[in-house]
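Letter by letter, the chains look like this.
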Amino acid sequence: MILPNHMKEGRPIIECEEVEFSYGATPVLENVSFVVPEGDYVGILGPNGSGKTTLLKIILGLIKPTSGQVRVMGTPVDVLPSSLRSQIGFVPQRISEGRLEFPATVEEIVVSGRIPLRKVLGRLNDTDRTKAHDAMKVANILSFKNRLITQLSGGQVQRVMIARALCTDAKILVLDEPTVGVDVGSQEQFYEFIKELNEEMGITILFVSHDIDVITHESKTVLCLNRTLVCHGPSREVLNSEALQKLYGKKLKFILHGH
Amino acid sequence: MEIFQFEFMQRAFVSGMVIAVIAPGIGMFLVVRRYSLMADTLAHVSLAGVAIGMLTNANPLVAAVISTVIAALGIERLRSTKTIFGESVLALFLSGSLAISAVLLSLARGLNANLLSVLFGSIVTVSHQDVILTVALGIVVILTIFIFYHQLFTVSFDEEVARVNGMNVAFYNSLIVVLAAITVSLAIRVVGVLLIGALMVIPSIAALQWQLSFRKSLLLAMLFSVISVFVGLISSYYFDLASGGTIVLVTIALFLFSLFLNRR
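First to last, the protein sequences are chains A and B. First residue of the first sequence: 1, per the working numbering; consecutive thereafter. First residue of the second sequence: 1001, per the working numbering; consecutive thereafter.
If you're looking for bench data, these hints aren't it; they were derived computationally from the structure. Just so you know, not all the hints are guaranteed correct.
Derived PhoX-like pairs (lysine-lysine); straight-line CA-CA distance at most 20 Å [claimed, not checked]:
hint	chain 1	residue 1	chain 2	residue 2
1	B	LYS1216	A	LYS145
2	A	LYS220	A	LYS195
3	B	LYS1082	A	LYS64
Remember, it's a predicted structure, so these values are computed and weren't measured experimentally.
Just chain A, with the same shape it has in the complex:
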């Protein structure tokens, strides 16, 4: 399998090989193959119904592909042991939309990230609490650790979920439409934080968005999906009007803002 040129140094952390998926007779994904090297920051772009969320769910092992194989950290995802699974941080779309009404404090949610690492009868210990404390510090949510998550904004809840992933030393962070419920002002801060996680902590980021602008500015690599893989490579190189036309099926004027 061919790695994008700019990422040849990292070893593969997610590998999709000829992944196909269909609901009954309706194909959702066809022949999707790509490799995400460790430390990459990948934005998955595609119109509604292009199979973005389905692809995420297959990578996360929530659904099985009709054919093809997915390896995460070198292991087929369906046999990934809990110790590796807990290193995948996942923030579902409903969380970013603030559709999470669970009566628990920030600290309770964050430390619960450590539970999958515990044996069945294992209790949380001091290491777990220290890890949770450190993760909350990194995510800058320590000041409201005793507040209920129902009292937080969409952006704050996302930081809680990210801290929850960080406390298990996450290697991969998967975000589904992360800024849907987040106001524009906080969006910039949010992506700044994700960039730090990627650059300073070496966490591989995989996020789905329909926002072309965000993907081109934030991600290192873009993966355009419309049932099949339309293009895959460095965001600024791959995202030209031809690719977008293929992706959205009509002519789109594409302007890159210089930041």
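Place chain B on chain A using the hints.
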């Protein structure tokens, strides 16, 4: 107090207190998962279990425990395979088991006098055998909640995220419904089939009004429930009222009190 001189009251109090602790202990998990109606559905299944017990001369409580546990696992399976909508599964089991109970109870003529106490709870019906069963299974339920507290919390918080992180979500989901089934069956004598759902749900929603952490809410719900059963049983004794009804009225009073003090 003189009421504790009577053996039937001692039995009612022991059973009542065990149920008071376990009902919201498991009820809270149902509430936060938007699954409150599960308690009521299982309660109706337990009525069918009681009817089977009466007809076959088996201990009605044992028959209720067995039938509700089987039904709970069946409901959970149908829900998780998404063959039918979660809510419709509950409707199916609720009315289905009520129909079975109606048929069975009409076959067992002459048992109608017992029916009222099964529906609304009666402190005089708690037998020595019932107390032993309630205490034994009650301890099992409490220990299970204590041992698996963090796992149940994590799975209830977000099933999908828990599954991504490698947790055995199906096992913990089944565990919650089985514990709910046992709790419902044990509460038949003191609280009654029609009202146990309320004892599982109302103390939990009352506690949630105080905006505390999940753990503190759970403990507060148990405290509310213990107060309700205590006050309910005493007033049931002095005023000769159905115990289940008085218990649930106290929980509603505590809920309104919590709502009023925490209004925003």
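Okay, the hints, checked on the actual structure:
For the hint linking LYS1216 (chain B) to LYS145 (chain A), the alpha-carbon distance of about 15 Å falls within 20 Å, and the restraint holds. For the given pair, LYS220 (chain A) sits about 10 Å from LYS195 (chain A) by alpha-carbon distance, which is consistent with the 20 Å threshold. As the CA atoms of LYS1082 (chain B) and LYS64 (chain A) are separated by approximately 16 Å, the hinted pair is consistent with the 20 Å bound.
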